[in-house]
Amino acid sequence: MLSPKPFKICHQTCLALWRKVPIQRCVHVAAAARNSAFSLPGHSSQSRQSNEGGRVIFRRSLLVWSSSPRFFSSEHSSADPPLPSPTSASSEQSGESMTFLKFDDLSEEEQKRFQMLQFELEILRQSGHPVPSKITEKEWRKVMALSSRFSRLKFFRFLFMNEMSDINLKKKKAQASILRQAHCDQIKAEISENPEIMRYGLSFNTMFPYIRDTDMLKTYNIRLAYARTLGQPIIFDVDYDNWMSQREQTNTATQIRDSYALNKESRDPFWLQICNCRMENETMKALKSALPNMGEPSCLIEYTTKSYLDIFPRSQLVYLTYNAEATLDRFNHDDIYIIGGLVDKTNPKPLSMAKAKREGLRMAKLPLDTYLRWAVGGKNLTLNQMMGIMLDMKQHGDWEQAFLKHIPKRKYLQPEDLIPNHPNPYHRRPSATMRVDGGRIGRPQEYQNHKRRQRGVLETLLSK
Amino acid sequence: MRHIFLRSSQHRVILESFSFRDPLPASIFSATSLSSSSSWRSNPQQRDISNIARERTHNLIIRHAPDVKISPAKLRGSILEELSATPNFSKWHTILTGLCRGAEDRYVPADEWETAVQESRKKDNHKDRQAFFGSLMSLACSFRFHQCGASLLDFLHSSKTFVNVSVASNYVKLCGRLETPDFEEKILAAYAHVKRISPADIYDMGTAENLIAGLYRTSRWEECLKLLDIIEFTGRPSPTALSYVITGAFAHDHPSTALRLLKQLSTLHGTFGPAEMAFTAWFAYAKSKGLPTVMEMLTFTRDYEWFIPLEVARDLKAWFEKEQGWMAKFTTLSPRGECAACSEYMKPITITRDEFEKLRENFVKSVIEGTDVFLHTNPAELKRYRDFVEKNAPFDLVVDGLNVAYFQNSSNHDGRSLARQLLTVTEHLLHVRGKRILILGRMHMKRWPKSEMSRLSSLASLFFAENMSQDDPFILYAALYSGLGCNFLSGDLMRDHRFKLAVKDVELRKTFLKWQRTHQMQLFKVYGDHSASLKAPMKYSTVTQWTESSIHVPYLSGLPLGLHELPPSWLCLTKKLPNN
Ligand SMILES: [Zn+2]
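So the sequence lines, in the order shown, correspond to chains Y and G.
With my numbering, letter number 16 in the first sequence gets 30, and the count goes up by one each step, no holes.
With my numbering, letter number 144 in the second sequence gets 1203, and the count goes up by one each step, no holes.
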């Protein structure tokens, strides 16, 4: 007998769990099932509610679209409400009355400068520069700290791009919700035609329980807690604040956030530590705003002002830097790897190498050349790419697979385009002899067997 | 094919073969604007060769065809420079050429404006709709389309549309470039309109600079000074803005104000001199006062290390020939500083002992010890190197071994051929100069063939730095330690180290540059395995200089120059001897 009360169930999630597929893939399915807000009329009140929620979202997004893009502010945190535009709404028609914002804590001089900056924004808008439609107080203060017109232009463009990407995202969401609504209506129509039939499948009657986000989070946190007590540590060193521009600092923060997410969702996470952090630094401030619950018990990310030298034995530490001479041939489960929290787009210097040299630590670079033929760009990877590679190495110890998965495709020549022993080094596949058993040992063996078999066939042919 | 390098803009726009009357095709801008550094940083050796080869061609051009008119190209260049600052300009350019039927200035009737506006309203997003009038006016201003600009203004008045600040200020700038007599009242009317919108004199930099660009020609030019003060609230006045005001001051006979502004320009922008227009006004003023004032002007340019542009050099030549009865010639100098026209030698660059000592001290402090030692090397290696230099100094020449070995050797990277090339160059240097040489190499060079390396070590002192170390600071250190008599051979331009010095002291940076120019040698070509040719260090100083009977003035010929490169073109002025 089926239970009279239908569950909302994610069938595939449970199948996947059964087959031991990595769990993170299932989450999307679970989330999709919940978001789709399918429900049967007249069934449980809960499902009706979520349906209503879906409709509300849909309506609001339509409303947002019908109004002008000026409606949006680039800053969306509720703590920081957008200020009214300094000028009247349509400067096209009546710019006659320029009204200026005022901040109370500014001196007379600063106030005048602030007014000029507002004037500048208006003129930039009139001459077609990419500027945001609204600027929050926090952003104005950043603008005021910029001394040259060029840097302000760059900052305004940055805000404008943010605003546009927000708008595009909303547009996409609105379209998706329209589709979803149509699908939902269709199903409802089918049901109303034949209300008596019992339906099976996703979001109808099934035998599998629905896994919620909170449940997944609990699972993740249990794993993180396990890693915290018994797992292998990995360290982000955020000691490079003075060497980075503001943009690079924010990039560092978002990359650390992404690394944290990767680590959390891994089946076998690291004990992630952030060392040398000073909360007054821009990087940490940006990280704090990227991970708002950082420092609370609900967030299992650990950061400390101490250096890693004070926490871990020096002999176990290995600094990963692409300037190093030694190569990390094998992933060692007893070592503690340090990733320099450094994004250097404009002016790369071997800073992390210098630091490791000064502290007398072991250094290593990833064996990129052993496994890949590099195509474009520097061999420095982003922090989340590093984290992904290290997580994969911890799981299966196959460098090639880890690199191919996490390094962007454009950066290396595709392995299938390379030929072993080609005279031109550009087309030659990296030599397999360099690979120790930390790498993928299967392939050369296979290859040799293949050769041996070929030779055997030849010999039998010749002997006849 | 002609290349125009825009100095101030972010991109170098390369224009291929153009004639002035053609409308600018939009594809030029999108296709050929190169990102400035990446393409030529990749192969420094190629760059060096092209530098030296270019220099030789330039000398030919300067000597044989000094009077080639390049002003259309120059106007073209300035238009491009302005355009590259206008956002989305290719789109506005299409609209403007549509309205103006190609590249001709014309009075566009109101109904055509109306259709253009309607079309833009249909197609464009919110941002571009707001910017429609401002962008078109600024484009009209760049192309000097006065009638088109005036028609836009008339259209706005007739359709009762509000004229915003962007339109009005660009119109002021456009009128500043107008040749007809009624420009003044037009400028003042538009200026009054801007003042009405912003009664409290609150302008941003762009608006203020546009206003200055028109106002400097009118009777109210002194308000430009106030506008300059306003600019300083939010940034620093650009050389162009200052040049406008300087021109205004000279034209209205206020030399003291102009000189004050010139001083300000020098402190704000260093060796980036005033624009041609300001120089022209300056010379026109000096000319009217006579020879002593002209000499004063030349002294001024010498002290601030500015170079006069070609147009002014031409005026100067004509004036000295006609009014003063001197001999005047465009010329170049030999590497030792000999004038090709009158065989006189230019003054050598002098670095005083004090200057040099200060440079040396500061270099050790800020580059070797001051920054993170671990960035270039490690303390043990540094100690080893300093002991080595102390023991073996002084040298006469410090050679960047890797640079020499890899020079022109892009394909063949085996140790033997690299070592051979280094050996050839070293032998050549010893043969030509007969000197004590230090060759700086890397540890991995020890693996090069024994025979070549042992011969090399018998000829010169060798030091091998670790593979991970940076060698430029090492080279500079040894060269500076050995004293003023020591040269160094390297293809590196040492910018990084210059900037490190510059953080503290502008004077010091100048000394460093001076020292580098007079002591750096560069490889020009290696001939097989027997000899090499080198670019010798510069011997003379590139500033205006005079003796009893002659004046030599370096000028900018309009040919492209690299960063920190000095113009090779000179104007030679000599007094005619009485008996000739
Ligand atoms: Zn001469």
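Treat each hint with caution, since some may be false.
[Stated by the list, open to error] With a Cα cut of at most 25 Å, we get these calculated SDA-like pairs of lysine to any residue:
id, chain 1, residue 1, chain 2, residue 2
1, Y, Lys185, G, Ser1528
2, Y, Lys393, G, Ser1528
3, Y, Lys393, G, Asn1437
4, Y, Lys184, G, Lys1181
5, Y, Lys363, G, Lys1186
[Unchecked claim] Just some of the chain Y residues that point at chain G, by a computed CB distance under 7 Å:
id, residue
6, Met130
7, Phe133
8, Glu134
9, Ile137
10, Arg139
11, Ser141
12, Pro306
These are calculated hints, taken from the structure and not from any lab test.
Ideal Cβ placement from N, Cα and C applies to all residues, glycine included.
Here's how the hints hold up against the structure:
Using a Cα cut-off of 25 Å, the hinted pair Lys185/Y and Ser1528/G is violated, with the two alpha carbons roughly 52 Å apart. Taking the CA atoms of Lys393/Y and Ser1528/G, the gap is near 18 Å; set against the 25 Å cutoff, the hint holds. Between the alpha carbons of Lys393/Y and Asn1437/G the distance comes to roughly 23 Å, so the proposed pair stays at or under 25 Å and holds. This hinted pair checks out: Lys184/Y and Lys1181/G have alpha carbons roughly 23 Å apart, not beyond 25 Å.
A distance of roughly 40 Å separates the Cα atoms of Lys363/Y and Lys1186/G; the hinted pair therefore is violated under the 25 Å criterion. At a threshold of 7 Å, the smallest CB-CB gap from Met130/Y to chain G is about 5 Å, leaving the interface hint in force. Here the hint on Phe133/Y is kept, as its CB sits about 5 Å from the closest CB of chain G, short of 7 Å. Interface hint at Glu134/Y: satisfied, since its Cβ lies 3 Å from the closest Cβ of chain G, which is below the 7 Å cut-off.
With its C-beta approaching chain G no nearer than about 5 Å, Ile137/Y sits inside the 7 Å limit, and its interface hint holds. The restraint placing Arg139/Y at the interface with chain G holds, with a minimum CB-CB distance near 6 Å, inside the 7 Å limit. With its C-beta approaching chain G no nearer than about 4 Å, Ser141/Y sits inside the 7 Å limit, and its interface hint holds. For the restraint placing Pro306/Y at the interface with chain G, the shortest Cβ-Cβ distance is roughly 32 Å, beyond the 7 Å limit, so the hint is violated.
In summary, the structure is inconsistent with hints 1, 5, 12 from the numbered list given earlier, while agreeing with the others.
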